[in-house]
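Asker: Here the sequence shown stands for residues 105 to 431, where the numbers follow the numbering used here.
A hint or two may mislead.
Stated by the list, open to error - Pairs of lysine to aspartate or glutamate residues, derived as EDC-like cross-links and limited to a Cα-Cα distance of at most 20 Å, are as follows: (1) K409 / E330; (2) K413 / D367; (3) K160 / E240; (4) K382 / E357; (5) K160 / E222; (6) K382 / E262; (7) K189 / E262; (8) K160 / D211; (9) K160 / E124; (10) K409 / E327; (11) K189 / E271; (12) K382 / E260; (13) K261 / D379; (14) K272 / D217; (15) K160 / E236; (16) K189 / E260; (17) K160 / D112; (18) K189 / E169; (19) K409 / E375; (20) K261 / E357; (21) K382 / E306; (22) K409 / D379; (23) K113 / E124; (24) K189 / E205.
Claimed, not checked - Per label pair, the in silico range of CB-to-CB distance: (25) H343 / H384: 29 to 37 Å; (26) L276 / A166: 45 to 53 Å; (27) E222 / E124: 31 to 39 Å; (28) D311 / G167: 17 to 25 Å; (29) C132 / G187: 38 to 46 Å; (30) E182 / G415: 41 to 49 Å; (31) E124 / P374: 49 to 57 Å.
These are computed hints drawn from the structure, not numbers from a lab. Cβ atoms here follow ideal geometry from the backbone N, Cα and C, with glycine treated the same way.
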Amino acid sequence: MESIFIVDKSRRDAFSTISEALGAAQGCWGLPVEIRIAPGIYRERLVVSQPHIRLKGAGGEAGSEAETRIVWGDGALEILTDGIKRGTFRTATVRIDTGAEGFSAQDITFQNDAGPGEIAGQALALYIDCPESRFENCRLLGHQDTLFLAPLPPREKEPGGFTGPGEKQPRLMGEHSFHSCYIEGDVDFIFGGARALFNDCEIHSLDRGEEINGYAAAPCTPEGEEWGFVFLRCRFTSHCAPGTVYLGRPWGEYGKTAVIGCDLGAHIHPEGFDDWGKPHGNLDFILSGNRGPGADSTGCAVFVKVLDKEGLERQFQGPAGRGDGAG
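Turn these sequences into a full structure, and let the hints guide you.
Answerer: Put into structure tokens, the structure is as follows:
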């Protein structure tokens, strides 16, 4: 039986913060819990570590008083009391921890408002490290590193680079899905090693006014994994100048991303993906059946696979061919 908790600042018989509701939900550990959150801005930093939690917002229009928004503003460049930088992985507005199996969210905005990377550094709106999760009609807002999908790569590039809650945890694969969501950022704003399906989402790149404005995805798919990030029937949008945004680049030595049946705006770079100096044999970047002004594949990078439907079926046996409602 599902328990229901209400968060509403205007009601005496409800919780005034999401943190309070999550604390109360621990009395239902192991059982399904839905936390219904009224419209409003909730300036809270949250950690969800309990299984079978569902966060449900009000579903109001973005930017309106009817929107449910969770926001915090930690950035990686902040110097903490011990004299070291906060670092990327201690900035998350909301962290879905390893114990939060079966987490889901609907009709909620997750935001990190620390600011652009040149000011704040990396700043996560959402950090997901649970075995599986599902997001519907959610908005993820940030600049650099908006959404992190664990696991981390096996090794950090620089000492202390992984400082945070997951640095010593086993590198376990997660599998996540985002449906009809809006995800916004500029540099590597969807990154990590998990398997993730983005279905019918809008992926919006912010304009930094640079010659290269950013990279939508930065996968660090573990070696030997069949698939990594899959964008299916998504819309890649931006106000950036034409050809100034890459669909993605690898983070670490390996990376897999497929962009299938999507609308690609003119901001997408003609090469599609950047190899970021990694061996091409370690990369698996796929384009198939896309349309729009950024979908011309004649100039794409040599390591990018441009596949028709038959080629996709032969070489890619990931979520696009499975019975999960994506087909």
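Asker: A separate judgement is required for each hint: does it hold in the structure or not?
Answerer: Here is how each hint holds up against the structure:
1. Taking the CA atoms of K409 and E330, the gap is about 15 Å. The hint holds against a cut of 20 Å.
2. In summary, the hint linking K413 to D367 is supported, as the alpha carbons are separated by about 17 Å, within the 20 Å threshold.
3. With a C-alpha separation of about 10 Å, the suggested pairing of K160 with E240 holds against the 20 Å cut-off.
4. A threshold of 20 Å between alpha carbons decides the hint, and for K382 with E357 the separation of about 6 Å falls inside it, so the pair holds.
5. Restraint check: the Cα-Cα separation between K160 and E222 comes to about 33 Å, which exceeds 20 Å; the hinted pair is violated.
6. Between K382 and E262, the direct Cα distance comes to roughly 17 Å. Compliance with the 20 Å bound is thereby established for this hinted pair.
7. The straight-line distance between the Cα atoms of K189 and E262 is roughly 13 Å, inside the 20 Å bound, and the hint therefore holds.
8. For the hint pairing K160 with D211, the CA-to-CA distance comes to about 6 Å; that is within 20 Å, so the pair holds.
9. For the hint linking K160 to E124, the alpha-carbon distance of about 15 Å falls within 20 Å, and the restraint holds.
10. Restraint check for K409 and E327: the C-alpha separation of about 18 Å stays at or below 20 Å, so the hint holds.
11. Straight-line distance between C-alpha atoms of K189 and E271 comes to about 15 Å, which keeps the hinted pair within the 20 Å bound.
12. Taking the CA atoms of K382 and E260, the gap is about 16 Å. The hint holds against a cut of 20 Å.
13. As the CA atoms of K261 and D379 are separated by approximately 17 Å, the hinted pair is consistent with the 20 Å bound.
14. Restraint check for K272 and D217: the C-alpha separation of about 28 Å exceeds 20 Å, so the hint is violated.
15. Restraint check for K160 and E236: the C-alpha separation of about 17 Å stays at or below 20 Å, so the hint holds.
16. Straight-line distance between C-alpha atoms of K189 and E260 comes to about 16 Å, which keeps the hinted pair within the 20 Å bound.
17. Annotation: proposed proximity of K160 to D112 holds, straight-line Cα distance about 12 Å (limit 20 Å).
18. At most 20 Å may separate the alpha-carbon atoms for a hinted pair to count; K189 and E169 exceed this at roughly 35 Å.
19. About 11 Å separates the Cα atoms of K409 and E375, which keeps this hinted pair within 20 Å; it holds.
20. Between K261 and E357, the direct Cα distance comes to roughly 11 Å. Compliance with the 20 Å bound is thereby established for this hinted pair.
21. Taken as a hint, the K382 and E306 pair is broken in the structure, with Cα atoms around 28 Å apart against an allowance of 20 Å.
22. Note on K409 and D379: the hinted pairing holds, with a Cα-Cα distance of about 13 Å set against a maximum of 20 Å.
23. Under the criterion of a C-alpha separation no larger than 20 Å, the hint pairing K113 with E124 is consistent with the structure, at around 12 Å.
24. Taking the CA atoms of K189 and E205, the gap is about 31 Å. The hint is violated against a cut of 20 Å.
25. For H343 and H384, the Cβ-Cβ distance of about 32 Å falls inside the hinted range of 29 to 37 Å, so the restraint holds.
26. Checked against the hint of 45 to 53 Å, the C-beta distance between L276 and A166 comes to roughly 33 Å, which is inconsistent with it.
27. Take E222 and E124: their Cβ atoms lie about 36 Å apart, and the range 31 to 39 Å holds.
28. Distance hint check for D311 and G167: the Cβ-Cβ separation is about 19 Å, which falls inside the suggested range of 17 to 25 Å.
29. Under the hint 38 to 46 Å, the C-beta atoms of C132 and G187, about 41 Å apart, fit the expected range.
30. The hint said 41 to 49 Å for the Cβ distance between E182 and G415, and at roughly 47 Å that hint holds.
31. With their beta carbons about 51 Å apart, E124 and P374 fall inside the hinted range of 49 to 57 Å.
The structure fails to meet hints 5, 14, 18, 21, 24 and 26 from the earlier list, while all remaining hints are met.
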